[in-house]
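Make the full structure from the sequences, and use the hints.
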Amino acid sequence: MQKVYGSAAEALDGLLFDGMFIAAGGFGLCGIPELLIDAIVESGTKDLTIASNNCGVDGFGLGKLLDTKQIKKMLSSYVGENAEFMRQYLSGELELEFNPQGTLAERMRAGGCGIPGFYTATGVGTVIAEGKEVKSFGGKDYILEEGIFADVAIVKAWKADETGNCVFRKTARNFNPPAAMCGKVCVMEVEEIVPTGSLDPDHIHLPGIYVHRIIQGEHEKRIEQRTTRKKEDA
Amino acid sequence: MQKVYGSAAEALDGLLFDGMFIAAGGFGLCGIPELLIDAIVESGTKDLTIASNNCGVDGFGLGKLLDTKQIKKMLSSYVGENAEFMRQYLSGELELEFNPQGTLAERMRAGGCGIPGFYTATGVGTVIAEGKEVKSFGGKDYILEEGIFADVAIVKAWKADETGNCVFRKTARNFNPPAAMCGKVCVMEVEEIVPTGSLDPDHIHLPGIYVHRIIQGEHEKRIEQRTTRKKEDA
Amino acid sequence: MPWDRNQMAARAADELEDGWYVNLGIGIPTLVANYVGDKDITLQSENGMLGMGPFPFEGEEDPDLINAGKQTITELRRTSYFDSATSFGMIRGGKIAAAILGAMEVAENGDLANWMIPGKLVKGMGGAMDLVAGVGRVIVVMDHTNKHGDSKVLKECTLPLTGTGVVDRIITNLGVLDVVEGGLKIVELADGVTEEELRAATQATIV
Amino acid sequence: MPWDRNQMAARAADELEDGWYVNLGIGIPTLVANYVGDKDITLQSENGMLGMGPFPFEGEEDPDLINAGKQTITELRRTSYFDSATSFGMIRGGKIAAAILGAMEVAENGDLANWMIPGKLVKGMGGAMDLVAGVGRVIVVMDHTNKHGDSKVLKECTLPLTGTGVVDRIITNLGVLDVVEGGLKIVELADGVTEEELRAATQATIV
Numbered sequence: 001m002q003k004v005y006g007s008a009a010e011a012l013d014g015l016l017f018d019g020m021f022i023a024a025g026g027f028g029l030c031g032i033p034e035l036l037i038d039a040i041v042e043s044g045t046k047d048l049t050i051a052s053n054n055c056g057v058d059g060f061g062l063g064k065l066l067d068t069k070q071i072k073k074m075l076s077s078y079v080g081e082n083a084e085f086m087r088q089y090l091s092g093e094l095e096l097e098f099n100p101q102g103t104l105a106e107r108m109r110a111g112g113c114g115i116p117g118f119y120t121a122t123g124v125g126t127v128i129a130e131g132k133e134v135k136s137f138g139g140k141d142y143i144l145e146e147g148i149f150a151d152v153a154i155v156k157a158w159k160a161d162e163t164g165n166c167v168f169r170k171t172a173r174n175f176n177p178p179a180a181m182c183g184k185v186c187v188m189e190v191e192e193i194v195p196t197g198s199l200d201p202d203h204i205h206l207p208g209i210y211v212h213r214i215i216q217g218e219h220e221k222r223i224e225q226r227t228t229r230k231k232e233d234a
Numbered sequence: 001m002q003k004v005y006g007s008a009a010e011a012l013d014g015l016l017f018d019g020m021f022i023a024a025g026g027f028g029l030c031g032i033p034e035l036l037i038d039a040i041v042e043s044g045t046k047d048l049t050i051a052s053n054n055c056g057v058d059g060f061g062l063g064k065l066l067d068t069k070q071i072k073k074m075l076s077s078y079v080g081e082n083a084e085f086m087r088q089y090l091s092g093e094l095e096l097e098f099n100p101q102g103t104l105a106e107r108m109r110a111g112g113c114g115i116p117g118f119y120t121a122t123g124v125g126t127v128i129a130e131g132k133e134v135k136s137f138g139g140k141d142y143i144l145e146e147g148i149f150a151d152v153a154i155v156k157a158w159k160a161d162e163t164g165n166c167v168f169r170k171t172a173r174n175f176n177p178p179a180a181m182c183g184k185v186c187v188m189e190v191e192e193i194v195p196t197g198s199l200d201p202d203h204i205h206l207p208g209i210y211v212h213r214i215i216q217g218e219h220e221k222r223i224e225q226r227t228t229r230k231k232e233d234a
Numbered sequence: 001m002p003w004d005r006n007q008m009a010a011r012a013a014d015e016l017e018d019g020w021y022v023n024l025g026i027g028i029p030t031l032v033a034n035y036v037g038d039k040d041i042t043l044q045s046e047n048g049m050l051g052m053g054p055f056p057f058e059g060e061e062d063p064d065l066i067n068a069g070k071q072t073i074t075e076l077r078r079t080s081y082f083d084s085a086t087s088f089g090m091i092r093g094g095k096i097a098a099a100i101l102g103a104m105e106v107a108e109n110g111d112l113a114n115w116m117i118p119g120k121l122v123k124g125m126g127g128a129m130d131l132v133a134g135v136g137r138v139i140v141v142m143d144h145t146n147k148h149g150d151s152k153v154l155k156e157c158t159l160p161l162t163g164t165g166v167v168d169r170i171i172t173n174l175g176v177l178d179v180v181e182g183g184l185k186i187v188e189l190a191d192g193v194t195e196e197e198l199r200a201a202t203q204a205t206i207v
Numbered sequence: 001m002p003w004d005r006n007q008m009a010a011r012a013a014d015e016l017e018d019g020w021y022v023n024l025g026i027g028i029p030t031l032v033a034n035y036v037g038d039k040d041i042t043l044q045s046e047n048g049m050l051g052m053g054p055f056p057f058e059g060e061e062d063p064d065l066i067n068a069g070k071q072t073i074t075e076l077r078r079t080s081y082f083d084s085a086t087s088f089g090m091i092r093g094g095k096i097a098a099a100i101l102g103a104m105e106v107a108e109n110g111d112l113a114n115w116m117i118p119g120k121l122v123k124g125m126g127g128a129m130d131l132v133a134g135v136g137r138v139i140v141v142m143d144h145t146n147k148h149g150d151s152k153v154l155k156e157c158t159l160p161l162t163g164t165g166v167v168d169r170i171i172t173n174l175g176v177l178d179v180v181e182g183g184l185k186i187v188e189l190a191d192g193v194t195e196e197e198l199r200a201a202t203q204a205t206i207v
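Chains as they are written, first to last, in my numbering: chain E, 1 to 234; chain B, 1 to 234; chain V, 1 to 207; chain D, 1 to 207.
The set of hints was computed from the structure by calculation and includes no laboratory data.
Note that the Cβ used here is the ideal one computed from N, Cα and C, for glycine as well.
One should not assume that every hint holds.
Which residues of chain D face chain E? A partial, calculated answer using Cβ under 8 Å [to be verified]:
id, residue
1, 35
2, 57
3, 75
4, 78
5, 81
6, 89
7, 90
8, 92
9, 93
10, 94
11, 95
12, 134
Here are the simulated DSS-like cross-link-like pairs (lysine-lysine), alpha carbons at most 25 Å apart as the crow flies [claimed, not checked]:
id, chain 1, residue 1, chain 2, residue 2
13, D, 155, B, 64
14, B, 69, D, 123
15, B, 140, E, 135
16, E, 184, B, 69
17, E, 140, B, 64
Residues from chain D that face chain B, not an exhaustive set, calculated with beta carbons under 10 Å [to be verified]:
id, residue
18, 20
19, 36
20, 38
21, 133
22, 164
In structure tokens:
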């Protein structure tokens, strides 16, 4: 069971094909798989459908795949940080399926957990409910949402051991575990690969069973909104 | 927000009523809420419906509530360790709704996550599917299972801080997080209450939002099957 | 004189009860955190955190620690982190006592529109639809009228909805209204605002 | 001579491939762990653990560390713990490559019965229904006949089912059979067992 690869390109070797469906972790630019995104840009794989809460920003994160027009369709909850996204979407070059944020996260988890559909009150009576089955439980209406099953998941963790057990740091966890779960193959990039046995088994956020290939690398970890207070305010 | 109570009886004060629905954590005798079970025995509350993977053993764990005939109905996946359970069940004194173990766990999580129903392949074509809606996804049949919403959850963790953030130890985690989630009120017993701030925010298994009342106490932690090997076998 | 942004935020903070877990939206709702005083309120950030702290001191920003508005923040002693599925599980499951949100339009039946202007603003709903469908109490904080002077408190929303019948209470620069049977009920007037002024600025039925 | 329990377990271990995550049922399947040799196999215990280790040394039993059979066990360097919902999420989601399970009856269409004898044995299915519905490959290990000499490899199961059409391969004391179109196919005979003996002990259609 050799899961550790030398580079993002090697880790993605044999997994990419035009028209494929990718689930990506991250929220905004926090906890995004920077290195794997770069490698997909490099690969030139096109007509991608990507499930990701956001689509990066212009020129960074998944925004890079917009610039190269490799994305055919996004499943996202919020794409407001990205002028190129708007341009492609409004011109009809890019398809967009809005998913409420919690619905998107749960759809990923559901896919990973072998649940093809679940009911939620989120979006009832809104445009999100259009074309979806409505069922009443206890006199209240819910809509059917389907599990997401991706060809490949690209995710980012803080540390992983050689068997793929991994831990995330603070709010960089976000969509990474559910995205990892819903990929037929999950490729993970981390800041540090540690020897197996050095992570406490009670502290592992995502067990190695979900992680098929791992790479270690340097991350820019760009900050989207740098908000601070002055020491004297405290 | 005062969540810490002095005793199991105090922590359950005002929550118990005849005919109520309780979700309980634990697997076998591992990670069960021993002290809260004792307090419910003491309370005399009857006609209980309890969702719990098992029903303890004769004279310990939920088995104590069988001895006092306080249980009307169990939702469980396995009750094979308990002669009194069999006696009451076969004589018609006790109702039993078998739930596959994973379905039971997911039903609890679903209830806690506001999901009234989900589809699973587990049990399709078996007695478990009787009376349940069947739906096809991708040409395969799945059955509809409903979320569990309990009046009270009784669970056991290893340590909790004063805001209810808690951590479990090894396989004593089991059903405790999903059971905690599905209770309108969740009462938790722990081996140690630690000051808020002493648990690493990245290591918390169940955030305090799910935990309403906490007690600390001594646990017997009985072992059901003591299996060992000799040093010379190693 | 109508309330300003900070007064609206302060008024919204009065809605919160000791021990509550609360989600604050972007804009004026964010300011509510400044006015909770001694109350024991735990703020959720729906990207995966309970116990959201203030902005970091300059130079202490952590790219792994942001709120749902993508701003750098800090943690508290009570903080816990979790993934997005768990985060929205607690929202959908009714564990969050209240959400305080901004709005473009609110209707007298509690319908809320706060995520889209067709053909113009197509950013997405983020977590707003999950929040209004899941939390215990939805409190809207917004200006009573838009920049053209048109009422944002309507008989029916004209924009795509975020949720139907979800709003419990509306706090505007002119006062506080509750969604009740048959329309809206005036709970309170902003200092110096008359009932006539509020009624004149309101398209919705006031009962 | 038919295989004994350990030979059946050893044969079942041959089914496992390097890198697999595997769930072993109670009884003979538990013995499979003794025969995986150098292969990198990670055992799941469905009560919430990956990387199940051997029994503890005497005096080192930990009540917080048990397997799905409620036996005290140990952890390994690769071990991770998780809750029951997550555990069955990975089972249901097909992340477990194979389950090796005991059975009361198997039918030629892959139906499996291993949890209940009506009016007699009412213990419950535990995680068996989830496992057979979810894992990549279901391998049954059992004696070919019951203690009365009746075949357990049947045209149709008579007992309440655990799953329909779920079994991929059957390993018995007499040999190895695969569930294929139209019935069962003999893959291998136990040492010294003839095809006639196996056919005679099998009620199911052999193709």
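We went through each hint and held it up to the structure:
1. 35: Since the shortest Cβ distance to chain E is 18 Å, the answer is violated.
2. 57: 19 Å, violated
3. 75: At 6 Å from the nearest chain E Cβ, residue 75 (chain D) passes the 8 Å test, so the hint holds.
4. 78: Nearest chain E Cβ about 5 Å off; hint holds.
5. 81: Since chain E brings a Cβ to about 5 Å from residue 81 (chain D), closer than 8 Å, the hint holds.
6. 89: 3 Å, holds
7. 90: At 6 Å from the nearest chain E Cβ, residue 90 (chain D) passes the 8 Å test, so the hint holds.
8. 92: Holds - the Cβ of residue 92 (chain D) comes within 8 Å of chain E, reaching about 3 Å at its closest.
9. 93: Constraint on residue 93 (chain D) satisfied, holds at 4 Å.
10. 94: 6 Å, holds
11. 95: 5 Å, holds
12. 134: With a closest approach of 5 Å, the residue 134 (chain D) hint holds.
13. D:155 with B:64: Measuring from Cα to Cα gives roughly 44 Å; hence the hint is violated.
14. B:69 with D:123: 19 Å, holds
15. B:140 with E:135: Between residue 140 (chain B) and residue 135 (chain E) the Cα gap is close to 21 Å, so the pair holds against 25 Å.
16. E:184 with B:69: 48 Å, violated
17. E:140 with B:64: Judged against 25 Å, a Cα distance of about 38 Å means the pair is violated.
18. 20: 20 Å, violated
19. 36: 17 Å, violated
20. 38: 18 Å, violated
21. 133: 4 Å, holds
22. 164: Since the shortest Cβ distance to chain B is 3 Å, the answer is holds.
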